[in-house]
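There are 2 protein chains.
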Amino acid sequence: MRRLSHYLRSLEGFEEQDGGTVSSEELAARGQTTAAQVRKDLSHFGSFGKRGLGYRVDELRSSLRQILGIDRPWRVALVGAGRVGLALFEYPAFRSRGYQCVAILDSDPDKIGTVCGDLTIRAPADLEDVIGELDVELIILALPASAAQGVAGRAVEAGIKGILNFAPVRLNVPPRVPVEDVNLVMELEALSFAITQAERDA
Amino acid sequence: MRRLSHYLRSLEGFEEQDGGTVSSEELAARGQTTAAQVRKDLSHFGSFGKRGLGYRVDELRSSLRQILGIDRPWRVALVGAGRVGLALFEYPAFRSRGYQCVAILDSDPDKIGTVCGDLTIRAPADLEDVIGELDVELIILALPASAAQGVAGRAVEAGIKGILNFAPVRLNVPPRVPVEDVNLVMELEALSFAITQAERDA
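Protein chains in written order, with this note's numbering: chain Z, 598 to 799; chain P, 598 to 799.
Calculated from the structure, these hints are not laboratory results.
These numbers were taken from a predicted model, which means no experiment stands behind them.
Be aware that one or more of the hints could be misleading.
One copy or two, it doesn't matter: identical chains are merged, so the pair holds either way.
Unchecked claim - No farther apart than 25 angstroms at their CA atoms in a straight line, the calculated lysine to any residue pairs in the SDA-like style are these:
| hint | residue 1 | residue 2 |
| --- | --- | --- |
| 1 | Lys637 | Ile792 |
| 2 | Lys647 | Val782 |
| 3 | Lys637 | Glu796 |
| 4 | Lys708 | Arg680 |
| 5 | Lys637 | Thr793 |
| 6 | Lys708 | Tyr688 |
| 7 | Lys708 | Ala684 |
| 8 | Lys637 | Asp778 |
| 9 | Lys637 | Asp798 |
| 10 | Lys637 | Asn769 |
| 11 | Lys637 | Ala722 |
| 12 | Lys647 | Gly617 |
| 13 | Lys637 | Arg662 |
| 14 | Lys647 | Gly756 |
| 15 | Lys647 | Gly710 |
| 16 | Lys637 | Glu784 |
| 17 | Lys647 | Ala744 |
| 18 | Lys637 | Arg797 |
| 19 | Lys637 | Leu650 |
Can you make the complete structure from the sequences, with help from the hints?
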């Protein structure tokens with residue numbers, strides 16, 4: 598799935614440059630994979646491209662957007678208006694990919710009621726109302742570990758479909774609700790692990 | 598490797614509570630995996646624990662820190678002092694895990710020379726000097742895609758060992774230098790993909 602995201606990014610680069618067609622070799626080179634892997638990945642989702650002619654950039658791009666589920670907007674609520682949460686909110690690609698932040702909640706009394714972009718920050722107690730009234734489908738949890746499970750459980754009860762979780766805790770939610778964990782310290786640990794193991798093996 | 602990070606987090610929770618020993622079942626429950634998986638993961642790195650007695654929390658914790666390479670400090674430079682970069686810099690777990698931010702660089706003339714925590718923000722042109730003088734081992738790239746490859750290439754030449762990359766681009770660096778990519782929009786795409794596929798299959 599990650600590779601599909603990378604292919605889409607590559608295609609967007611091509612399209613700006615020249616349009617037309619692209620070969621699996623070209624996609625592979627940009628995605629640091631092989632042409633065979635590109636063909637295999639894409640064949641899972643249907644029949645794209647013609648042997649010897651490559652893929653039509655505009656068609657493949659639109660198919661990938663459909664497969665990734667970003668051919669339509671997603672309504673997102675941000676819980677936790679700290680630096681990380683707000684960084685995401687202001688990230689241009691967030692909007693251009695169709696993720697619409699329709700609500701921001703924060704437990705800080707100094708933040709509740711203040712305006713952020715075109716939204717007024719609401720209290721965590723409003724979570725269920727916000728999800729119901731605004732048809733929120735995804736929530737972004739950018740809050741301390743101690744608060745994350747409680748909010749996640751309430752959000753699932755209220756009908757959200759997926760969670761992007763920045764809190765350093767494993768959330769316990771039903772399997773039908775996918776969770777993507779982003780743990781920045783764990784990413785650093787992956788680096789120090791790789792370097793340490795390589796040095797040990799050398 | 599991700600599971601090892603999770604086990605360490607679990608162990609830290611146990612230690613604060615009561616110390617003593619922990620069974621693979623208890624570790625599995627907190628890590629949402631199985632006891633057999635815990636035993637298999639840990640056995641890769643040596644012989645821990647005694648059958649029927651479990652693992653000594655303090656010993657296993659210290660072994661995991663060694664395996665993950667965080668039993669010693671890492672010197673880190675942050676390139677790009679935007680919201681995401683600074684969020685990481687201020688994240689308490691970043692320091693407590695031994696990651697020391699020893700330099701911050703940013704291309705914004707208004708930021709260069711200003712003080713951030715106990716560091717003075719330096720210009721990207723100083724990258725090689727900073728890495729050499731301050732023994733920087735890891736860099737965090739929190740800058741636009743267009744600038745990331747250039748900075749990464751220079752940092753690798755200057756001797757860094759690993760890269761945490763927030764720029765939405767695949768970096769081309771030698772295989773000996775591990776790269777961890779954090780792409781927040783790609784995390785959201787993973788969610789919309791999972792939800793879309795599940796709805797399609799239902």
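Status of the hints after comparison with the structure:
1. In this homomeric assembly, Lys637 and Ile792 come within 25 angstroms of each other (Cα to Cα) only across copies, at 22 angstroms, whereas the closest approach inside a single copy is 31 angstroms.
2. Taking CA atoms no more than 25 angstroms apart as the test, Lys647 paired with Val782 passes in neither setting, with 44 angstroms inside one copy and 30 angstroms between copies.
3. For a Cα distance limit of 25 angstroms, the shortest separation of Lys637 from Glu796 across copies, 23 angstroms, qualifies, whereas the shortest one inside one copy, 35 angstroms, does not.
4. Taking the shortest Cα distances, Lys708 and Arg680 sit within 25 angstroms of each other both inside one copy (13 angstroms) and across copies (18 angstroms).
5. Taking the closest pair of Cα atoms, Lys637 and Thr793 come within 25 angstroms of each other only across two copies (20 angstroms); inside a single copy the shortest separation is 34 angstroms, beyond that limit.
6. For the homomeric pair Lys708 and Tyr688, the shortest alpha-carbon distances inside one copy (21 angstroms) and between copies (20 angstroms) are both at most 25 angstroms.
7. For a Cα distance limit of 25 angstroms, the shortest separation of Lys708 from Ala684 qualifies both inside one copy, at 16 angstroms, and across copies, at 18 angstroms.
8. In this assembly of identical chains, the alpha carbons of Lys637 and Asp778 lie at most 25 angstroms apart only when taken from different copies (23 angstroms versus 27 angstroms within one copy).
9. For the homomeric pair Lys637 and Asp798, the shortest alpha-carbon distance between copies (21 angstroms) is at most 25 angstroms, but the shortest distance inside one copy (33 angstroms) is not.
10. Taking CA atoms no more than 25 angstroms apart as the test, Lys637 paired with Asn769 passes between copies only; the shortest distance there is 23 angstroms, against 34 angstroms inside one copy.
11. Proximity of Lys637 and Ala722 under a CA criterion of 25 angstroms is satisfied in neither setting, with 47 angstroms inside one chain copy and 43 angstroms between copies.
12. Taking the shortest alpha-carbon separations for Lys647 and Gly617, only the intra-copy value of 13 angstroms comes in at or below 25 angstroms, while the best inter-copy value is 63 angstroms.
13. In the homo-oligomer, the alpha carbons of Lys637 and Arg662 lie at most 25 angstroms apart inside one protomer (18 angstroms), although the nearest pairing across protomers, at 39 angstroms, exceeds that limit.
14. In this homomeric assembly, Lys647 and Gly756 never come within 25 angstroms of each other (Cα to Cα): the closest approach is 42 angstroms inside a single copy and 45 angstroms across copies.
15. In this homomeric assembly, Lys647 and Gly710 never come within 25 angstroms of each other (Cα to Cα): the closest approach is 56 angstroms inside a single copy and 56 angstroms across copies.
16. Proximity of Lys637 to Glu784 under the C-alpha cut-off of 25 angstroms is restricted to the inter-copy arrangement: shortest distance 22 angstroms between copies versus 29 angstroms within a copy.
17. Proximity of Lys647 and Ala744 under a CA criterion of 25 angstroms is satisfied in neither setting, with 52 angstroms inside one chain copy and 36 angstroms between copies.
18. With identical chains, the CA atoms of Lys637 and Arg797 are at most 25 angstroms apart between copies only, with a shortest distance of 21 angstroms across copies and 36 angstroms within one.
19. For a Cα distance limit of 25 angstroms, the shortest separation of Lys637 from Leu650 inside one copy, 17 angstroms, qualifies, whereas the shortest one across copies, 47 angstroms, does not.
The earlier numbered hints that this structure contradicts are 2, 11, 14, 15, 17.
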